[in-house]
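Novice: Sequence:
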Amino acid sequence: MASSTKLKYEDYSGEFRQLPNKGTKLEKLPVHVYEVDEEADKDEDAASLGSQKGGITKQGWLYKGNMNSAISVTMRSFKRRFFHLLQLGDGSYNLNFYKDEKISKEPKGSIFLDSCMGVVQNNKVRRFAFELKMQDKSSYLLAADSEIEMEEWITTLNKILQLNFEAAMQEKRNGDPHEDDEQSKMDSSSSSLDSYLPDIAKASRDSETKFKSESRVKLFALDPDAQKLDFSGIEPEVKPFEEKCGKKILVKCHDLSFNLQSCVAENEEGPTTNVEPFFITLSLFDIKHNRKISSDFHVDLNHGTVRHMISNSSHPLLNGSSDCLHRIQDIIPEIMLQYPKQGVFSVMCPHPDIFLVARIEKVLQGSITHCAEPYMKSSDSSKVAQKVLKNAKQACQRLGQYRMPFAWAARSLFKDASGTLDKNARFSALYKQDSNKLSNEDMLKLLADFRKPEKMAKLPVILGNLDITIDNVSPDIPNYVNSSYIPMKQFENNTKTVVTFEVEEFLPCIPKHTQPFTIYNNHLYVYPKHLKYDSQKSFAKARNIAVCIEFKDSDEEDSLPLKCIYGRPGGPIWTRQAFAAVLHHHQNPEFYDEVKIELPTQLHGKHHLLFTFYHVSCDNSSKGTTKKKDIVETQVGYSWLQLLKDGRVVTNEQHIPVSAYLPSGYLNNQEPGLGKHSGLEIKWVDGGKPLLKVSTHLVSTIYTQDQHLNNFFHYCQKTESGAQALGTDLVKYLKSLHAMEGHVMIAFLPTILNQLFRVLTRTTQEEVAVNVTRVITHVVAQCHEEGLDSYLRSYVKYAYKAEPYITSEYKTVHEELAKSMTTILKPSADFLTSNKLLKYSWFFFEILIKSMAQHLTENSKVKLLRNQRFPASYHHAVETVVNMLMPHITQKYRDNPEASKNANHNLAVFVKRCFTFMDRGFVFKQINNYVSFFAPGDPKTLFEFKFEFLRVVCNHEHYIPLNLPMPFGKGRIQRYQVDSRTTPV
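Note that our numbering has the sequence shown beginning at 107, numbered continuously upward.
Derived from the structure by calculation, the hints contain no laboratory data. All C-beta atoms in this analysis are idealised placements derived from N, C-alpha and C, irrespective of residue type, glycine included. Check each hint, because a few of them may be wrong.
Pairs of lysine-lysine, BS3-like flavour, derived with a Cα cap of 25 Å [said to hold, decoys possible]:
hint	residue 1	residue 2
1	K751	K824
2	K358	K447
3	K638	K447
4	K618	K353
5	K164	K265
6	K170	K205
7	K932	K824
8	K647	K795
9	K1052	K345
10	K702	K358
11	K239	K265
12	K751	K702
Label-pair restraints from in silico Cβ distances [what the hints assert, rightly or not]:
hint	residue 1	residue 2	range
13	K208	S363	48 to 56 Å
14	K112	P933	33 to 41 Å
15	R557	Q165	17 to 25 Å
16	K521	Q823	31 to 39 Å
17	K483	E598	31 to 39 Å
18	P559	S665	52 to 60 Å
19	K489	E560	29 to 37 Å
Work out the full structure: start from the sequences and follow the hints.
Specialist: As structure tokens, this is what we get:
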């Protein structure tokens, strides 16, 4: 990101009330009490400060601790009491304390301030504590809740002690008539104060010094108008682009237990646990907008002994080989990421109809109904547990890598639309999965009835308990990895550290919930949804169908899949394959699995998803030969999906055919129904019908999903790599950018604007330059209409960086933009575009200013004479912009008042800043040009425009030096006097 341009004296270029002021801005002026008023008040009430009846009063909660030579004070010995400072009839003060705020009762105790020698701060035992030292050498230790309260109490009590001392000294002076010398009286008083009450004397002097320094008000702050004016909206605070997240929820997974419990170890020594392994997948569903709004978070809460039930001899390619390790393994030990238990979900638009859903799976064994039946009975669970355990051990050894759906549960997240977490809610009962209602669409329908007890009562329940809690997230959560497993700050690289995982949020495709990308992300989510295999004749058996998903960059016979799929808990972080859950005896299985893939930064035509289908044999009977029993899976088809289509990543739902075999070079073969191909003929299952339904979702900061923007970027890339640029094609692509989607435009905002400015400086055709400026105007207008103009301000200040200036090759942004603005402002041009340019002209003028500043600094032209800094062509362009803009301002103020007012103000800001960079004589000429467009008989609005323009220009930081008298020869005095009357500044 480019650094911002900082002008040295910019802080001094605004209203005088906005001058830099390190002091705090007072909400109201303090009331000043003068000595003469104090004397009059003392006559009315000898013991009071100000006009308060009953003297100084203060009350509030403090912590009280006793302190003397015999007892030491600790934190625990402090008791919270309500203190009330009260003046008695004789003028003395008592500090009474109570158990509560009912001061009408008898106090629990009193501190007589007549016997107090001093009040000093004492933080040795407790923060914000202060000590009252008494004449009998004892002390009272009190503590406030904050430093401000502590200082208020100390100041108030010291004032009372000072009053007591002054009263005592007055009595002493009245009793000693022989002391006439005023100076000796003062010395005597001062020395007596120091010797008699040293603590009071020091505290008195300190408090007086502090009071003087704090109560002294800045001169401009005394202006009553300055108290009312709010300048916060004039110059909006501009911040760099930052990642904005919605409401964050910390999800902690503690335990999953079912009614069937036993010891799974062979020697029956060990803890009692579930009798088979279970796997949890958490995700968020929004039933109000009918969509899944987060990626999946996979959790394995199984006990170590239960995890060992699964055989380590998983699929040969699951772990992959060591030649393709991912970069994260060099940063974090893999063992730290193997068993996630804490995840942070993010919700941009919280409301009560968002649910946290837990889907529970187990190792493939048979039908869901058959496997769930033992868990739905509450009778004699120990016998049943042993039987289930025996079957589970066999299944884990044989089919350990395959999963099957088992149960689901859900809970609400929020109490209201403001994001208040519903912490009291608990997960529902564990409902048995219905093999015909597995998809996300079916889940949304079930959740729609979640708050209807009569509907939920009909669902079969599995006896068990899921213990997962939710909480708010602290901003500085430690040991946190983002959705790409990149560790954030405060990360302890310790194998015992509990890592918290960010779970990706799927935002709706609308501009107001989109933000410019600030961190790298390149994820593809793959969802196999449905396979229709009931009519296939290619295979004898295809019922218990497992889908294996791979990501490949070649269709050669021996090519390996890429190791870029995010693994499941307990396995490697990155794998080459992922399997969807298997449905027993289903020829048309539905799937709900999500496969997350880290895409390469450079995709090409050979990158594709390969789906391999297996028939998994669940029958483990002893009948038949040993050879037959060992065949666990049989391949029953292949399907593939090329990732790039017309240069874009394929997204949304796809229906693709299935091939019976996988020949080498299969990507080159035509799909069925598209005619013959010279390559190897593919044998399609069921006549080449689109049997597999699959969808993909892309979350990428690299690949845009908008066709118009993709075409523009693709064309620019081709021309920059050496291809010949055709102006007509570029104009066509530029015009099509007016139709790009709003959320894509916001997400890629800095990249789009940078590319447009690059084209502007490299084109040789005026038509291209004008169309570039029209697109920029469209983008700027869209951002304002969506209320996202802050992104534009951040772009100008922090992201915009002019191209390196090479005289022979490229032009400058400020000159080309000024020229194309002139064309758009011509009376014959499109009035809609010119109106937008007027209304949002601040952006174009700010770009001109920053481009000028960067041009001067990067080309070492700052030290040149002002009239040599910019070429005559740019001077002419600026003058033309002013002359073309003025008729719009003076003629459109009735029909389009907002655009005219904005253009007038923004032009003034631009002219003011030109004083910093350009020849000042030329800038004064532009002011003169501006004023010449107004006449004495103009309406009131135009007079206001003119004075507003002059007011802004006169706010230049060098306004006073520019208006100082200038030395002239005798012959030029008359001319100077004439000019001074006509010069506007």
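Novice: Hint by hint, note whether the structure agrees.
Specialist: Hints and how they fare:
no., hint, verdict
1, K751 <-> K824, "holds, 17 Å"
2, K358 <-> K447, "holds, 6 Å"
3, K638 <-> K447, "violated, 36 Å"
4, K618 <-> K353, "holds, 16 Å"
5, K164 <-> K265, "holds, 12 Å"
6, K170 <-> K205, "holds, 11 Å"
7, K932 <-> K824, "violated, 34 Å"
8, K647 <-> K795, "holds, 19 Å"
9, K1052 <-> K345, "violated, 32 Å"
10, K702 <-> K358, "holds, 22 Å"
11, K239 <-> K265, "holds, 15 Å"
12, K751 <-> K702, "holds, 20 Å"
13, K208 <-> S363: 48 to 56 Å, "holds, 52 Å"
14, K112 <-> P933: 33 to 41 Å, "holds, 39 Å"
15, R557 <-> Q165: 17 to 25 Å, "violated, 50 Å"
16, K521 <-> Q823: 31 to 39 Å, "violated, 50 Å"
17, K483 <-> E598: 31 to 39 Å, "violated, 46 Å"
18, P559 <-> S665: 52 to 60 Å, "holds, 55 Å"
19, K489 <-> E560: 29 to 37 Å, "holds, 35 Å"
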